[in-house]
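Chains as they are written, first to last, in this note's numbering: chain A, 39 to 131; chain B, 95 to 638.
Think of the hints as simulated: they come from the structure by calculation, not from any bench. Ideal Cβ placement from N, Cα and C applies to all residues, glycine included. Hints should not be assumed to be uniformly reliable.
Only some residues are given here: those of chain B computed to face chain A with a beta carbon under 7 Å [to be verified]: (1) Pro307; (2) Met344; (3) Ser346; (4) Leu413; (5) Val417.
Over the 12 Å line for every Cβ pair with chain A, so calculated as not near, a few chain B residues [what the hints assert, rightly or not]: (6) Ala99; (7) Phe321; (8) Met403; (9) Phe411; (10) Val463; (11) Met487; (12) Phe513; (13) Trp600; (14) Pro614.
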Amino acid sequence: MEHASHIFSYKTLGLVLGTLLVLTGVTVGASYIDLGWINVWITLVIASAKASLVLVVFMHMKSAGKGVVVSFLSTVFFLAIMIGFIFWDVAFR
Amino acid sequence: METVASFYETPEPARFTGIRSWLFTLDHKRIGLMYLYAILFWFLLAVLLGGVLRLELMFPGETVLSPQLYNSAFTLHGVIMIFLFIIPALPAVFGNFFLPIHIGAEDVYFPKLNLLSWYLYMAGGAIAVFSLFSDGFADTGWTFYVPFSISTNTNVSTAVFAAFVLGFSSMLTGLNFITTVHKMRDRAMGWLQIPLFTWSLYATAWVQLLATPVVTITLVLVMIERFFNVGLFDPARGGDPILYQHLFWMYSHPAVYIMILPGMGVISEIIPVFARKSIFGYKALVGSSLAIAIAGSLVWAHHMYTSGMSDTAVFVFSLLTFVVAIPSAIKVFSWVATLYKGAIQMTPPLFFSLCFIYLFSVGGLTGLVLGAAGANIHVHDTHFVVAHFHFTMFGGTGFAFFAALHYWWPKMFGRMYDFKKAYIAAILVTGGFMFHYVPMFILGLQGMPRRYYDYLPQYATGNFFAGFGALFMIFGIGLMVANLLASLGRQRDAGPDPWGGVTLEWTIPSPPPVHNFVRPPEIMAYPYDFSGVTDRSAQSPKGE
Numbered sequence: 039m040e041h042a043s044h045i046f047s048y049k050t051l052g053l054v055l056g057t058l059l060v061l062t063g064v065t066v067g068a069s070y071i072d073l074g075w076i077n078v079w080i081t082l083v084i085a086s087a088k089a090s091l092v093l094v095v096f097m098h099m100k101s102a103g104k105g106v107v108v109s110f111l112s113t114v115f116f117l118a119i120m121i122g123f124i125f126w127d128v129a130f131r
Numbered sequence: 095m096e097t098v099a100s101f102y103e104t105p106e107p108a109r110f111t112g113i114r115s116w117l118f119t120l121d122h123k124r125i126g127l128m129y130l131y132a133i134l135f136w137f138l139l140a141v142l143l144g145g146v147l148r149l150e151l152m153f154p155g156e157t158v159l160s161p162q163l164y165n166s167a168f169t170l171h172g173v174i175m176i177f178l179f180i181i182p183a184l185p186a187v188f189g190n191f192f193l194p195i196h197i198g199a200e201d202v203y204f205p206k207l208n209l210l211s212w213y214l215y216m217a218g219g220a221i222a223v224f225s226l227f228s229d230g231f232a233d234t235g236w237t238f239y240v241p242f243s244i245s246t247n248t249n250v251s252t253a254v255f256a257a258f259v260l261g262f263s264s265m266l267t268g269l270n271f272i273t274t275v276h277k278m279r280d281r282a283m284g285w286l287q288i289p290l291f292t293w294s295l296y297a298t299a300w301v302q303l304l305a306t307p308v309v310t311i312t313l314v315l316v317m318i319e320r321f322f323n324v325g326l327f328d329p330a331r332g333g334d335p336i337l338y339q340h341l342f343w344m345y346s347h348p349a350v351y352i353m354i355l356p357g358m359g360v361i362s363e364i365i366p367v368f369a370r371k372s373i374f375g376y377k378a379l380v381g382s383s384l385a386i387a388i389a390g391s392l393v394w395a396h397h398m399y400t401s402g403m404s405d406t407a408v409f410v411f412s413l414l415t416f417v418v419a420i421p422s423a424i425k426v427f428s429w430v431a432t433l434y435k436g437a438i439q440m441t442p443p444l445f446f447s448l449c450f451i452y453l454f455s456v457g458g459l460t461g462l463v464l465g466a467a468g469a470n471i472h473v474h475d476t477h478f479v480v481a482h483f484h485f486t487m488f489g490g491t492g493f494a495f496f497a498a499l500h501y502w503w504p505k506m507f508g509r510m511y512d513f514k515k516a517y518i519a520a521i522l523v524t525g526g527f528m529f530h531y532v533p534m535f536i537l538g539l540q541g542m543p544r545r546y547y548d549y550l551p552q553y554a555t556g557n558f559f560a561g562f563g564a565l566f567m568i569f570g571i572g573l574m575v576a577n578l579l580a581s582l583g584r585q586r587d588a589g590p591d592p593w594g595g596v597t598l599e600w601t602i603p604s605p606p607p608v609h610n611f612v613r614p615p616e617i618m619a620y621p622y623d624f625s626g627v628t629d630r631s632a633q634s635p636k637g638e
């Protein structure tokens, strides 16, 4: 089958699902510890890791064409700028 | 040109006939027309609502609307105009109809998704109407600002859900257009051979795809806060109301460019055709579309100077706002330079385009007054803002919509309209527009706040003139629509190329056949080469 090499095993999918749930738990747990401005970065890093796992495994980004990958990276870059620009406000209030 | 059956006579899929041939159609042209009918309905409804609002303000004191009804009426006016008219008007109607033709394609890449977008659009509209009859329409203004939108007893949740559904329609249309331009473009058509309207749609589609999810999820968060009392935005529950404004404007300011970029694309199509001259600065216009899409997405917080955000943010966003003025100015300079020494032929589409350039320029320049943080503090949330955004949105996108209607009407329906009535309507709309909105600039500078159903006695004269202008404008819009509809009773007399255009839609019959092209399209090395047109004997469009 042409796309056979792109399909992940149930074991891999299950592992990723488990990882996502664990990371969600870590996010909730981190919110109970007051680390000041570091809290935001912890949350962002975890969210980015989760989004990357979903895209690479569940949405098959790993096997996507160059155009799709470039488009995706552009959106990530753009989103990072938008989130970053909020800190012109939040970090200087 | 050979006679072929138009898409009206050949449904796609062919098994459907009658009303089902429209409701289940996969033809991008029929879907574009279904958007046109729906959008015109919403537009006229919102125009009438706006008229009632101005009638209330025309004389001091309570006249035709109670304060509560006034709040709901301006919210409904804003929601309809923004989400159901201005955002989808040009991409959904003319983008659907002409984007595939402009790039030599038979249809969009995802025809079924295209039809789904239309149904989502209709569902969003239906939900907005439904909310009218259950607990009253939201009274928050179209921005749904927290914490008021969380505490008010009116039906904010349904109105917000309507906007949520409409957001999906917009995203799917954007996704379809991006994919179509990449995958369906004629092999002979390079990136710098794409017509400027399609370029503008392509740039817009990226903004639709990237920015819309932000507002859709933000509106979901408002619903979560209303239903489950989660403290996201309400300061009384530990939330951050300024964060809501960031997230809202992160979409809603780029949405301004979703609205205006296709309008700029329309003007870039019309000006060279009636100047009989190649567009000045094609590459600069393409680059400025992309620059506006990118830079315009990074200036959202200039709506928030008085919100309490940090001074650093005020400085940064004010600076960035001025950067966006540069690509916008490039477009205006290019249009004017195209007209310079052109063989100008006045027609209704060109007339509307010239009005667009003037009105949009005023809107853009007054935007700089608002973009400058110091000046903004004085006129924030006054009628100055109302006048400014109506100059850009109505004077800009609205007039571009009118220009597009008059430019592509003969292609879509195969019929020419009466020029004289079109000119009279255009003059009434433009004259009424000036009477309507110029007094608002003055009222705003004098300190009259927006969104108030009553005012102090010193604002009475300006409000009377504004109401007077609104009546002219509404009459002009009615005449314009009636004139276009009256043309449908005529024979299909427009011919394939009534204006002497050179882009691909003018090489096919009017109305187009179901698969657009009778023979393989010939892609020109440069999309605005008028040498062939000027060599032909002078063409005089019918309708005069």
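Results for each hint:
no. : hint   : in the structure
1   : Pro307 : 9 Å, violated
2   : Met344 : 6 Å, holds
3   : Ser346 : 13 Å, violated
4   : Leu413 : 11 Å, violated
5   : Val417 : 13 Å, violated
6   : Ala99  : 37 Å, holds
7   : Phe321 : 21 Å, holds
8   : Met403 : 4 Å, violated
9   : Phe411 : 7 Å, violated
10  : Val463 : 22 Å, holds
11  : Met487 : 23 Å, holds
12  : Phe513 : 45 Å, holds
13  : Trp600 : 31 Å, holds
14  : Pro614 : 25 Å, holds
Hint compliance for this structure: hints 1, 3, 4, 5, 8, 9 are broken, all remaining hints hold.
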